[in-house]
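Novice: For reference, the chains in residue letters:
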Amino acid sequence: MPAAPPASGLGRQAPFGYSPGMQAHSDEQLMQRYGSGEMTAFEELYARYRGPLYRYFMRQLGDEPRVNDLYQGVWEKVIGARGRYRPDRPFKAWLFRIAHNHLVDFYRRQKPTTQIDQAGFLATSAEQESQLEQAQRKALLDQAVQSLPEDQREVIVLRLEGDLSLDDIAALTGVGRETVKSRLRYATAKLKQAMVT
Amino acid sequence: MNEPRDDNLESDLDALKSTYRAQSSEEPPDLIDQAILNKARHSLESPARRPWSFGWIHGLTTAAIIVLGFAIYLHQPMPEQDEAIRVFKQPSPKLRDTESMREPLRIPSASAAAEPDQMPASRAAGERSSLKTEAAPSTLARAKAQVAETEEQRVSPLAAAAPAPESLSDDETGLEGAEKDAATEQPGPWLERILEMRRQGLEVAAAQELAAFRATWPDYPLPAELND
Numbered sequence: 031m032p033a034a035p036p037a038s039g040l041g042r043q044a045p046f047g048y049s050p051g052m053q054a055h056s057d058e059q060l061m062q063r064y065g066s067g068e069m070t071a072f073e074e075l076y077a078r079y080r081g082p083l084y085r086y087f088m089r090q091l092g093d094e095p096r097v098n099d100l101y102q103g104v105w106e107k108v109i110g111a112r113g114r115y116r117p118d119r120p121f122k123a124w125l126f127r128i129a130h131n132h133l134v135d136f137y138r139r140q141k142p143t144t145q146i147d148q149a150g151f152l153a154t155s156a157e158q159e160s161q162l163e164q165a166q167r168k169a170l171l172d173q174a175v176q177s178l179p180e181d182q183r184e185v186i187v188l189r190l191e192g193d194l195s196l197d198d199i200a201a202l203t204g205v206g207r208e209t210v211k212s213r214l215r216y217a218t219a220k221l222k223q224a225m226v227t
Numbered sequence: 086m087n088e089p090r091d092d093n094l095e096s097d098l099d100a101l102k103s104t105y106r107a108q109s110s111e112e113p114p115d116l117i118d119q120a121i122l123n124k125a126r127h128s129l130e131s132p133a134r135r136p137w138s139f140g141w142i143h144g145l146t147t148a149a150i151i152v153l154g155f156a157i158y159l160h161q162p163m164p165e166q167d168e169a170i171r172v173f174k175q176p177s178p179k180l181r182d183t184e185s186m187r188e189p190l191r192i193p194s195a196s197a198a199a200e201p202d203q204m205p206a207s208r209a210a211g212e213r214s215s216l217k218t219e220a221a222p223s224t225l226a227r228a229k230a231q232v233a234e235t236e237e238q239r240v241s242p243l244a245a246a247a248p249a250p251e252s253l254s255d256d257e258t259g260l261e262g263a264e265k266d267a268a269t270e271q272p273g274p275w276l277e278r279i280l281e282m283r284r285q286g287l288e289v290a291a292a293q294e295l296a297a298f299r300a301t302w303p304d305y306p307l308p309a310e311l312n313d
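Chain order of the listed sequences is A and L. Note that this note's numbering has the first sequence beginning at 31, numbered continuously upward. Note that this note's numbering has the second sequence beginning at 86, numbered continuously upward.
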């Protein structure tokens, strides 16, 4: 499995010594090296996925304190499992599977208040949209993603942030490949429409 | 093979991805970054600390094992062996006094297997082997067999070293009956005893006793009554 591309979306990388051209080691190799005690390997791995993972939660929830909790929980799980990680398993798919499971657990715990929070987020999002006129397209995109149904939102975020294949998304969400493709198609159409309007 | 609709989906996704990533700038706060990295670093350091943090448990466990082992050793069934060793080492004041020598050799415990000299060798061996084999798993049976073996070892060398009373006295002195007594009796009392025998009319016995006296003390002067 190829390592995550050094996309521009990774954002600030200087504190972790990561640069886009630095792909000498695959994710799996880095995780293995961290498992054998190399802290620099974890720093490099963290630099690769801190942005995509954070935005994965941000797109799903939009609530920063909760996103911070879930984001931190996923990395703690990765750290705790460093001795049990099998290099034959693609790291990126494994990481986002942990994130997906955290999100599902969160939804299960928060189900009664989800609707209220969603309404509050939309109101906040609307206020932000009026304040950030210069970043109108970004706000439109955020709002479009948030307005997607939960199942479609997850697959499109996994695809856009995690750059996961259809098979990986199907495996970690527990649905068939065709179902994933169908959800992606609907989500893409809605986002395109939102961006045009 | 990809269908045309798949190609459309991929191209739509690629276009969306470039727009999406260009506008995606959210990142975790620095504090969270630092917290996660610290946790990852601490996770690497913690295994090295573990032995130190539980060192006192290892020490306590070792001490407990030593104490327990010593206590078990003290509670082993050793008294019979100690008794056997004590009797075996007891000094024999007079080797000739075989009766007194044999008394402590009597087996303290009333085990039949403990008196191999009083039973046929085959029977003793049979009993010993049955003691050893019939209850091998049992600790009690093993202890009995061990005691029987110890007692056999104790009796055998003594029995060999302490022959029967008759043969012992014969071998060591080379004398018989009155000769043995004469060898140790002083001449004065011996002569008085001979004279007393004569006075009582035991002439033959007195003559024999006198002959023995002369053989023992050839130069000793005899009284006038015996020179006749």
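Mixed in with the good hints, there may be bad ones.
Keeping only pairs whose Cα atoms sit at most 25 Å apart, straight-line, the calculated PhoX-like set for lysine-lysine is [claimed, not checked]:
id : chain 1 : residue 1 : chain 2 : residue 2
1  : A       : Lys168    : A       : Lys107
2  : A       : Lys211    : L       : Lys124
3  : L       : Lys124    : A       : Lys168
4  : A       : Lys222    : L       : Lys102
Distance ranges between label pairs, derived from CB positions [what the hints assert, rightly or not]:
id : chain 1 : residue 1 : chain 2 : residue 2 : range
5  : L       : Ser103    : A       : Gly204    : 26 to 36 Å
6  : A       : Val205    : L       : Ala149    : 36 to 46 Å
7  : A       : Gln140    : L       : Glu95     : 30 to 40 Å
8  : L       : Pro114    : A       : Arg207    : 29 to 39 Å
9  : L       : Leu145    : A       : Gly67     : 27 to 37 Å
10 : L       : Leu116    : A       : Gly110    : 26 to 36 Å
11 : A       : Pro179    : L       : Asp99     : 34 to 44 Å
12 : L       : Ile150    : A       : Lys107    : 14 to 24 Å
13 : A       : Ser212    : L       : Pro114    : 44 to 54 Å
No wet-lab data here; the hints were simulated from the structure. Predicted, not measured: the structure shown is a model, and the values here were computed from it. Note that beta-carbon positions come from the ideal geometry of N, C-alpha and C, so glycine has one too.
Novice: Against the structure, test the hints numbered earlier, and report the numbers of the ones violated in rising order.
Specialist: When the structure is compared with the hints, numbers 1, 2, 3, 6, 10, 11, 12 and 13 turn out to be violated.
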